[in-house]
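Could you put together the complete structure from these sequences and hints?
For the record, the sequence lines run as chains A and B. Here the working numbering is used: the first residue of the first sequence is 45, the next is one more, and so on. Here the working numbering is used: the first residue of the second sequence is 13, the next is one more, and so on.
Note that these hints are calculated values from the structure, not bench results. Remember, it's a predicted structure, so these values are computed and weren't measured experimentally.
Straight line, CA to CA, 27 Å or less: simulated DSSO-like cross-link-like pairs of lysine-lysine:
#: 1; chain 1: A; residue 1: Lys-338; chain 2: B; residue 2: Lys-50
#: 2; chain 1: B; residue 1: Lys-43; chain 2: B; residue 2: Lys-66
#: 3; chain 1: B; residue 1: Lys-29; chain 2: B; residue 2: Lys-54
#: 4; chain 1: B; residue 1: Lys-77; chain 2: A; residue 2: Lys-265
#: 5; chain 1: B; residue 1: Lys-66; chain 2: A; residue 2: Lys-324
Listed here are the chains, written in short residue letters.
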Amino acid sequence: MQIMTVSGFLAYVNETFKAIWDTTEVAIEGEVSGYRLSQGQWASFDLKDAEALVNVFLPVWKLNVPIQDGLRVRVFGCPRVYPKYGKFSFSAERIEIAGEGGLRKALALLHQKLEQEGLFDSARKRPLPRFPERIALIASRESAAYGDFIRILHERWGGLSIDLYHVLVQGEGAPVQIVRAIHEAGRGEYDALVLTRGGGSLEELMSFNDERVVRALFSSKIPTLVGIGHERDITMAEEVADVRGSTPTDCARRLVPDRTELLYALSHLQEGVSETFLAKMVEWTEQCDDVVLKASRWVATLSERITSMIRLFQSFDPRAVVKRGYAIVRDRSGKVRTSIKGMTTKDKLALEMRDGTIAVSVE
Amino acid sequence: MLSPLNNMPSKKLDFGKSFTELEEIAEWFEKGEPDLDKGLEKFERAMELAQVLKERLKQAENKIKEIKLRHE
Numbered sequence: 045m046q047i048m049t050v051s052g053f054l055a056y057v058n059e060t061f062k063a064i065w066d067t068t069e070v071a072i073e074g075e076v077s078g079y080r081l082s083q084g085q086w087a088s089f090d091l092k093d094a095e096a097l098v099n100v101f102l103p104v105w106k107l108n109v110p111i112q113d114g115l116r117v118r119v120f121g122c123p124r125v126y127p128k129y130g131k132f133s134f135s136a137e138r139i140e141i142a143g144e145g146g147l148r149k150a151l152a153l154l155h156q157k158l159e160q161e162g163l164f165d166s167a168r169k170r171p172l173p174r175f176p177e178r179i180a181l182i183a184s185r186e187s188a189a190y191g192d193f194i195r196i197l198h199e200r201w202g203g204l205s206i207d208l209y210h211v212l213v214q215g216e217g218a219p220v221q222i223v224r225a226i227h228e229a230g231r232g233e234y235d236a237l238v239l240t241r242g243g244g245s246l247e248e249l250m251s252f253n254d255e256r257v258v259r260a261l262f263s264s265k266i267p268t269l270v271g272i273g274h275e276r277d278i279t280m281a282e283e284v285a286d287v288r289g290s291t292p293t294d295c296a297r298r299l300v301p302d303r304t305e306l307l308y309a310l311s312h313l314q315e316g317v318s319e320t321f322l323a324k325m326v327e328w329t330e331q332c333d334d335v336v337l338k339a340s341r342w343v344a345t346l347s348e349r350i351t352s353m354i355r356l357f358q359s360f361d362p363r364a365v366v367k368r369g370y371a372i373v374r375d376r377s378g379k380v381r382t383s384i385k386g387m388t389t390k391d392k393l394a395l396e397m398r399d400g401t402i403a404v405s406v407e
Numbered sequence: 013m014l015s016p017l018n019n020m021p022s023k024k025l026d027f028g029k030s031f032t033e034l035e036e037i038a039e040w041f042e043k044g045e046p047d048l049d050k051g052l053e054k055f056e057r058a059m060e061l062a063q064v065l066k067e068r069l070k071q072a073e074n075k076i077k078e079i080k081l082r083h084e
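Structure, rendered in structure tokens:
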């Protein structure tokens, strides 16, 4: 007889499962139900058919396909009893979507879900800054996409500070790396975040359709620009991005202006200002001239009026008459006398003439 | 008041801000406010901005630095 501890027993069972189960050749096919993520690290769901179900769990970083309830999948892995709770489950290594067009169906479901949540709303799209200076670039340093992107940037613009977050863009672990890069870039002060890769098959582009990647891009505080090589299908990462480039090259074009074009724009602005300024100067000078002209006309009219008034006053001046040989007669009180009435002999009078006054007496 | 643009090293130049300022001056002239003093000041500023921005465009180099991802 052999007595085992509970721990020993479960360890024995788990080792036996490992020894007899081929994790690469045997898969369980069933329908996903109750899919959930816990602590952002573990994914679990029930895999079931009409009569039975088994709990499946796996670390999130191994999740390579978009899992949804109702999806038919094939799960590769190993049966295992979790010692702490004695719970039997299937520890998955890899999941494949079963059936013809299964992957597309799964993507369509995910797309629908994210769309309903508003992740692809055009209203929330932010523009990229006109003249970015600090750029977070998430790409594979070995990829042609990286080379193309950098080359076009150099051709078009200078003075950029580019931080490359080198990541795997496909295969196991790629989505997790991309998400981590997005989060780390989010802590830096960047004007734009660029995620790019070359083209590939639908399977190769799965990282760009990964829910975690799409959500990380959605929550990015930095405006995002995503582009992959020429493809028929648009990935959800491109759809969620603030700006989508059709290729890595196009991303570079959308990110920075072209220095030649800008030089032209600058000259145009400079000339515009010069010409307008010159035109304004002319206008201002003309306005001044106009004021001067109006003022001088006003002065002329005024002086004419004054002259005629002076002439008028002059015509009333009695001295002008005296000059022609007339005299003004005043009596002793200085009153002007125009009649002989009331005058008697020996009356003293004063005659005011051209050059002075003389006293006379009446005879 | 003019900021001392000429003495500024080209690194510190905020291209976007300066370019926008130049565009705003161009717009101000288009509107045609009849202020000769302001006009003169703005004209000088525009010429200065355009010159500095053109100089900045000659800068060809882009710096690339690889950032290692931390393992969480």
